[in-house]
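From first to last, the protein sequence lines are chains B and C.
Residues 1 to 660 in the numbering used here are what the first sequence lists, from first letter to last.
Residues 661 to 1030 in the numbering used here are what the second sequence lists, from first letter to last.
Keep in mind that the hints were calculated from the coordinates and are not lab data.
Be aware that one or more of the hints could be misleading.
Claimed, not checked - Residues from chain C shown here face chain B by an in silico Cβ test under 7 Å; the list is partial:
| # | residue |
| --- | --- |
| 1 | Val678 |
| 2 | Leu679 |
| 3 | Val696 |
| 4 | Ala755 |
| 5 | Gly775 |
| 6 | Leu779 |
| 7 | Gly781 |
| 8 | Gln782 |
| 9 | Leu784 |
| 10 | Asn811 |
Every value quoted in this text rests on a predicted model; they were computed, and no experiment measured them.
No residue lacks a Cβ here, since even glycine has one placed at the ideal position from N, Cα and C.
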Amino acid sequence: MIPELGHYCLVLALALALIQASVPMWGARVGDSTLMGVAGPAALAQFAFVAASFAALTWCYVASDFSVFNVFQNSHSAMPLIYKFTSVWGNHEGSMLLWVLILSLFGASVAAFGGNLPETLRADALAVQAWIAAAFYLFILVTSNPFLRLADAPFEGRDLNPILQDPGLAIHPPLLYLGYVGFSISFSFAIAALIEGRIDAAWARWVRPWALAAWLCLTLGIAMGSYWAYYELGWGGWWFWDPVENASLMPWLAGTALLHSAVVMEKRNALKIWTILLAILAFSLSLLGTFLVRSGVLTSVHTFASDPTRGVFILAILAVFIGGGFTLYAWRAPMLKQGGLFAPISREGALVFNNLFLTSACATVFVGTLYPLALEALTEEKISVGAPFFNFTFGPLLVPLLIAVPFGPLLAWKRGDVLGAAQRLMLAFALALVGLGVAFALQGGQPVLAPFGVALAVFVMIGALTDLSERLGLFRVPLGVTLARARGLPRSNFGTAVAHFAAGVVLLGVVAETAWNAERIATLKVGETISLRGYDFTLDGLIPRPGPNYREVAAHFTIRRDGVVIGVMEPSKRTFPQRAMSTTEAALMSRGVSQIYLSLGETSADGAVAVRLYHKPLVLLIWLGAVMMAFGGALSLSDRRLRVGAPKPARRKPALQPAE
Amino acid sequence: MTLWFVFALMTAAAVFAVLWPLGRAAVRRSGSDVAVYRDQIGEIGRDRANGLIGASEAEAARVEVSRRLLAAADADAAQSAAAPRPGATARRRTAAVAALIGVPVLAATLYLALGSPQLPGQPLAARVKAPLQDQPLDALVTRVEAHLASNPEDGRGWEVIAPVYLRLGRFEDAVKARRNALQLNGATSDREADLGEALAAAANGVVTDEAKASFERARAGDPKNVRARFYLGVAAEQDSNHAAAAAIWREMLTDAPQGAPWVPIVRQALARVDAAPAPGPSADDIAAAQSMKPEDQAAMIRGMVEQLSERLKRDGSDVDGWLRLVRAYTVLGDKDRAREAAADARRAIGPDADKLKRLDELVKGLGLEG
């Protein structure tokens, strides 16, 4: 009974979404508050039904109800409990259900926390949100229904793809979807504003928290995906310029640009049209990512199953929403009033600079990802656009952007003073030069560019701190005043500094890992030892071990440095009989923020085992930096000002009471 | 029934979520940009007090934001002054009717087209509780497999599952199971032959070198091993060495025990490679038998068995005849008559210990005891 209840919940959610898509919008056009008021409860109820549907599917997975075809195909009764939960979204149908769950979650959040919005904007935004939701409910029900049944339940399921049997699956997709789908809210707000034909500075403030929440989840989701690929795929790479990764990077770049241009719009009532465009763009790129990943255009571990009807359906959704969004934009944007003026050298100018470079970087990724696909579709010629293309296009675009990062916050609104800002950045310049020298001294000759990368990273980090210390008057005014200022400073200023500092941290990690990574591939017999960068690795033995639904052979290594044992590492290979697949489980040992990475290759007939050994200096900074960046976003999100505008009925009511 | 009741409740809840706000009096609980601009002005004041911006910039910013504030306040006033458009009740009714009819109709239509309300949930716990004979073969296989996955050293288990795999056409698994059984239980002539048979099945009936090696080991262990000899003949035949194949099979037929069930198969094989007539029914007879319909074949066999039975009733001294009769009944699936025949044979044979021993062995071999 439970799978059928879940199925019916999904159908009801579609019906509610259709009501929510039409009634409030009608109400907004005729100015009827009652009709607009339908949006909130409908959004909440819709979320409740999707959540119930998701819970039903989860129950089927946990109870191994293989009469549900989707569960039969992607689960196994012997799987550990956590993977029974995560395999709910470890497949196409379930992951689309997670997609709409998050979509309706955002809709319900706007309904619940959007009390500070004008009622027409809220009604229109929720209606647009419901259009998107309805399209995806229909997509799920018609082409990717997770609740299809088998009359005779098979006794055992086909197991989850072994690569996905990892705790990473519990974190990466939900976070990534929170990010992807979160941009649907800024899209809905943008479309609602275009329909109303009224966009002002306040709009930016209302959209900012949603864009910020989506952006920070997307940041964490991408970082988590990168770390997962790093330890699971067994060859120590953390970014492959794989089209699927690019699909998540593009909305991130557009979203980052959106966050920055929304600041200008909020403060100066300028860049309004551009901001709206970015809001549409960010979600369009999210949809594009969904299309690329889910349609089977690309084959990867993310393409659970490719089915042409699905691809066509998603393409239709894409055409309607992206095409419709841009058409509306082209029609309405010229009618909007432009706002405040500013000099090229100013905070606004710096943010425009930021936007230009971020969108150009986004465009290069777009071209590098889609050009090979288009070429293959048109001429059947297969080309692969890999790391070299992106290193020569994306990389150079980021350098000026990062150089500009410390300047931006130091420039004044309207008219800024570059020289003054440069003077205040003297300390950052000096420390960057020190970083350059130290890096050169440590590495010797090659690669020449690496020390400059280090210098840039130091410059960005110290520049971010300089901004903060300038605002606090650190060392210039008495400590008491500094503390008072720190209390008075809006959290978003701290958020900016932390996120900019984090950008430097990520850069440092990337430069160090790329330039100074050491690798060794060897074939070892039990008892033999190899060395890398002063670490000695002794293979003590191969230990076969049974797992719940796999068998594994682990290699037991003892790691010594100068003869002193510093730890053991056990990389392993797992064989999953149900799918006749095997996975490599790399062993990682962190030394500070550097890592030693050990993974197993083939075992030869004479008992020798191939081993890949890496020393990755400062590699953890890449992900720590991303987490820090998301933390900066969270600080900014907690800023009191983002909640301004909520009516406070509790305060007003006493005023209405008759005087006694 | 419960299912439909719950569906009805859920539909009611969904409709209520739309009707409820329609039924309330219009409450304008909405924010406006005025609040945002007020806050911005307040913020300029705080920044100024903290010394973050200069006096003149603060003043300029305040003027700019104030201008926006005034515009927003004007727009707000205009909006609330505007009289609500007429026809509110009609619109509400339309929306309510859309929810009351649209939601249930759409949900029912879609669900009836896509759902399977007649199927109960079948979680693992329920499936395990179902009685053993109700479980499909693959469920039982899965159970044995699960047992073997956790106890891969159980040689008997491998031996049990191997013929099932063979019957299900999972030849690769059958080969694996036979290999494991051979390794864990020790090599015997029969196990080698089993392995060879699985290997040949996996190779679409071709006796590969590996299978041949297996059969040769089986024959080395027991020169009389029927399957090993037969398949070695097949191997020779597949190598186009018809003379060798015929020699092997002819030898098998000459020292075949009376009424051995495999004799017709070997005869048939021999007929393929050898023009010389085999002892017993001619190749033509067999061909004729083969061209018969299955039910005719069964009738013919039953007739032959009846004849044999009549003959033995008249003259009970032919031990081989009795043994053939017992075997024949067993093959036809008639165990009761097989037991009867065995009892008759025991009476007819009398005190001859040697012959009784042969009878007992057969009865045991066919599982007719008790």
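Consistency of the hints with the structure:
The beta carbon of valine 678 of chain C comes within 5 Å of a beta carbon in chain B, closer than 7 Å, and the hint placing it at the interface holds. Residue-level restraint check for leucine 679 of chain C is violated (minimum Cβ-Cβ distance to chain B is 9 Å; threshold 7 Å). For the restraint placing valine 696 of chain C at the interface with chain B, the shortest Cβ-Cβ distance is roughly 4 Å, inside the 7 Å limit, so the hint holds. With 7 Å as the threshold, the beta carbon of alanine 755 of chain C comes within range of chain B, its nearest partner Cβ sitting at about 5 Å, so the hint holds.
This hint holds: glycine 775 of chain C has a C-beta 5 Å from the nearest C-beta of chain B, less than the 7 Å allowed. Evaluation of the leucine 779 of chain C hint against chain B yields a held restraint, the C-beta minimum of about 5 Å falling below 7 Å. Nearest Cβ of chain B to the Cβ of glycine 781 of chain C: about 5 Å, under the 7 Å cut. The hint holds. The beta carbon of glutamine 782 of chain C comes within 4 Å of a beta carbon in chain B, closer than 7 Å, and the hint placing it at the interface holds.
The interface hint given for leucine 784 of chain C is met, as the beta carbon of that residue sits about 4 Å from the closest beta carbon of chain B, less than 7 Å. Hint on asparagine 811 of chain C is violated. Least Cβ distance to chain B is approximately 10 Å, over the 7 Å limit.
The structure shown violates the earlier hints numbered 2, 10.
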